[in-house]
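Next come the chains, spelled out residue by residue.
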Amino acid sequence: MSPSAPAIPLVHLDHLWLQVSGTRCNIACAHCFNSSGPDVRTFGHLTPALVDEAIGAAAGRGVREIFFTGGEPFLNPHLPGMLETALAVAPATVLTNGMLIGDRIADRLAGLAAASRYSLEIRVSLDGYTEAANDAIRGAGVFRQALAAVARLSRRGLLPLVTIVRTWPDEEELATLDGFARVLREAGDERPRIKVLPALPLGRELARHPEALPGGLVTDAMLEDFDRDLLMCSNSRVVTDRGVWVCPLLVDAADARLGSTLDEADRPYALQHHACVSCWHYGTICGNVSAQIDGPDTARRERPA
Amino acid sequence: MTRLALLGGLYSNDRALAAALADIARHGVDATYCLGDLGAFGPHPDRVYPLLHDAGVLCLQGNYDNSLAGGLADCQCGYTDPRDNHFARISYRYTFGRTSDAHKAWLGTLPFERRLEIEGRRVLLCHGSPRKINEFLWESTSPDQFLAYLLDTAAADVLCVTHTGIKWHRALADGRHVVNVGVLGRPENDGTPAVWYTLLTVDRGRVSAEFVPVAYDYRALAADMDAERLPVEFIETILTGWWTTCLEVLPHKERARGRF
Numbered sequence: 153m154s155p156s157a158p159a160i161p162l163v164h165l166d167h168l169w170l171q172v173s174g175t176r177c178n179i180a181c182a183h184c185f186n187s188s189g190p191d192v193r194t195f196g197h198l199t200p201a202l203v204d205e206a207i208g209a210a211a212g213r214g215v216r217e218i219f220f221t222g223g224e225p226f227l228n229p230h231l232p233g234m235l236e237t238a239l240a241v242a243p244a245t246v247l248t249n250g251m252l253i254g255d256r257i258a259d260r261l262a263g264l265a266a267a268s269r270y271s272l273e274i275r276v277s278l279d280g281y282t283e284a285a286n287d288a289i290r291g292a293g294v295f296r297q298a299l300a301a302v303a304r305l306s307r308r309g310l311l312p313l314v315t316i317v318r319t320w321p322d323e324e325e326l327a328t329l330d331g332f333a334r335v336l337r338e339a340g341d342e343r344p345r346i347k348v349l350p351a352l353p354l355g356r357e358l359a360r361h362p363e364a365l366p367g368g369l370v371t372d373a374m375l376e377d378f379d380r381d382l383l384m385c386s387n388s389r390v391v392t393d394r395g396v397w398v399c400p401l402l403v404d405a406a407d408a409r410l411g412s413t414l415d416e417a418d419r420p421y422a423l424q425h426h427a428c429v430s431c432w433h434y435g436t437i438c439g440n441v442s443a444q445i446d447g448p449d450t451a452r453r454e455r456p457a
Numbered sequence: 002m003t004r005l006a007l008l009g010g011l012y013s014n015d016r017a018l019a020a021a022l023a024d025i026a027r028h029g030v031d032a033t034y035c036l037g038d039l040g041a042f043g044p045h046p047d048r049v050y051p052l053l054h055d056a057g058v059l060c061l062q063g064n065y066d067n068s069l070a071g072g073l074a075d076c077q078c079g080y081t082d083p084r085d086n087h088f089a090r091i092s093y094r095y096t097f098g099r100t101s102d103a104h105k106a107w108l109g110t111l112p113f114e115r116r117l118e119i120e121g122r123r124v125l126l127c128h129g130s131p132r133k134i135n136e137f138l139w140e141s142t143s144p145d146q147f148l149a150y151l152l153d154t155a156a157a158d159v160l161c162v163t164h165t166g167i168k169w170h171r172a173l174a175d176g177r178h179v180v181n182v183g184v185l186g187r188p189e190n191d192g193t194p195a196v197w198y199t200l201l202t203v204d205r206g207r208v209s210a211e212f213v214p215v216a217y218d219y220r221a222l223a224a225d226m227d228a229e230r231l232p233v234e235f236i237e238t239i240l241t242g243w244w245t246t247c248l249e250v251l252p253h254k255e256r257a258r259g260r261f
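If you read the sequences in order, they're chains R and C. The first sequence begins at 153 in our numbering and counts up one residue at a time. The second sequence begins at 2 in our numbering and counts up one residue at a time.
Just to be clear, a hint being listed does not mean it is correct.
Unchecked claim - Within a straight-line C-alpha distance of at most 20 Å, the following computed DMTMM-like cross-link-like pairs (lysine to aspartate or glutamate) qualify:
id, chain 1, residue 1, chain 2, residue 2
1, C, Lys-105, C, Asp-55
2, C, Lys-133, R, Asp-393
3, C, Lys-133, R, Asp-381
4, C, Lys-133, C, Asp-145
5, C, Lys-133, R, Asp-379
6, C, Lys-133, C, Asp-153
7, C, Lys-133, R, Glu-376
8, C, Lys-133, C, Glu-114
9, C, Lys-105, C, Asp-47
Since the hints were made in silico from the structure, they are not lab data.
Go ahead and model the full structure; you've got the sequences and the hints to work with.
Quick look at the structure:
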């Protein structure tokens, strides 16, 4: 902890995150940043009433997008109804491992997507484009079930967004992405959409790679000439069954609980965690399209050749 | 009654710009504005400038213009996918290398927004959004309450933007309007080669937006691009109307309407 960590106010609630299944998950990935799993009861399910209240409050604040996360969101049996509530007022995104998306759920999601004027994004996580590589991280059998879900969603025109954590060196970037695209096409996803996420030095990932912890914290100097809108704490809050947290990455940090309601959580947050360095480095990494992962090309002040 | 012609990103498409300006002259408008991104994607970036000057088009600075004027290393388009960025780099290097220093300097003099007062309605023109030059305002990810927030914050009744490349218009329940005016630079991923501009009319305080398709010699543009050795993927988009690059920023609904 740093007593002089720079504080970031909530400029506007662009993104409402709902931790609908708490930390309960049907699998336990080796790199899970909030250590979710079948027996992890740190956070519990959100009730439909709490979700209605949060969405209403967020809409009153001009919310732009609503994200459903966990754990595994589809463990919450009320998720489809919650999505319907969200899609009435804003675009919605579900972050899922896909394993619980059978034909019935996929039909319901397709119906919800078609009925809304706003986009519904289903983000399905994969970590390798071979069964061996993926399941070494995510557990036996996960690869096949996730690909089956991607195929079900694709057949219904939902164009799932496959998210993968970046675990390869720069020089393997294009070959790796080509590998994922090929496997997705073979599985029946004719138009693969891939979002690359950085590995985050948090939770189980930190436990298995303690050397990945950044050496320092975010300083005032690092924020000079920096676009603070890229920091999630400036534009997001997370509703859990235990209160409102500043961002999805910090739900294990007690100081990141900012209140019981969105109104209470409208206060500045000091960037006093190593995860804040990741957010500073990559920028709004949890959004659908806003991560800047390909670092070599993002240098901003160099004249082009 | 006041009628404005609003042009979105030109992306160096001088042939579409010339056709649009001729069409606008036939319509008769009170003023013509371009909401930025004069260069990018297309061939011979210097060719749009004399057309704009001769027609008296009032321009804004878009992210591309800001990059060219400031000598930045990238176009600040807001892409995050490696393939999208690969093509964005090709386009930016080409455009940077072939835009004259005088035109770059002129781009740097352009305002980031223009505010108009028309029959009591406060009209704000900007490139991406009032709060960020390269923010994408897509129809399917811009809910009403968010647009109301942008209008409140910007103290505007009518907000007109471009940047995404796809047009839309939302009339809010409170009588305010947000219009994405589309772009002249390339087709909008609908399988037709037409490009679009917008006629914004304020008549006794009532606001309406008409999207106008522009038919132009897109085959000649494709030939120009081919002669300049621009990527075949760009040329395919001009010829077919389907986007082949810059796809990963599209939200689900907009992506689903396209072919790729």
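Take the C-alpha atoms of C:Lys-133 and C:Asp-145, compute the straight-line distance between them, and say whether it is at most 20 Å.
Answer holds: C:Lys-133 to C:Asp-145 is near 18 Å, not above 20 Å.
Straight-line Cα separation of C:Lys-105 and C:Asp-55 no greater than 20 Å?
18 Å, holds
Regarding the pair C:Lys-133 and R:Asp-379, is the alpha-carbon distance no greater than 20 Å?
10 Å, holds
For the pair supplied as a hint, C:Lys-133 and R:Asp-393, is the alpha-carbon distance within the 20 Å limit?
Not satisfied, since the Cα-Cα distance of roughly 34 Å exceeds 20 Å.
Does the alpha-carbon distance linking C:Lys-105 and C:Asp-47 stay inside the 20 Å limit?
At roughly 10 Å apart (the allowed maximum being 20 Å), C:Asp-47 and C:Lys-105 satisfy the hint.
Distance restraint between C:Lys-133 and R:Glu-376, which requires alpha-carbon spacing of 20 Å or less:
Judged against 20 Å, a Cα distance of about 18 Å means the pair holds.
Taking 20 Å as the top limit, are the C-alpha atoms of C:Lys-133 and C:Glu-114 close enough?
11 Å, holds
When you check the alpha-carbon spacing of C:Lys-133 and R:Asp-381, does it fall within 20 Å?
Distance of about 10 Å is within 20 Å: holds.
Check whether the Cα positions of C:Lys-133 and C:Asp-153 lie no farther apart than 20 Å.
Distance ~15 Å between C:Lys-133 and C:Asp-153 Cα, so the pair holds.
Violated hint: 2 only; the structure is consistent with all others.
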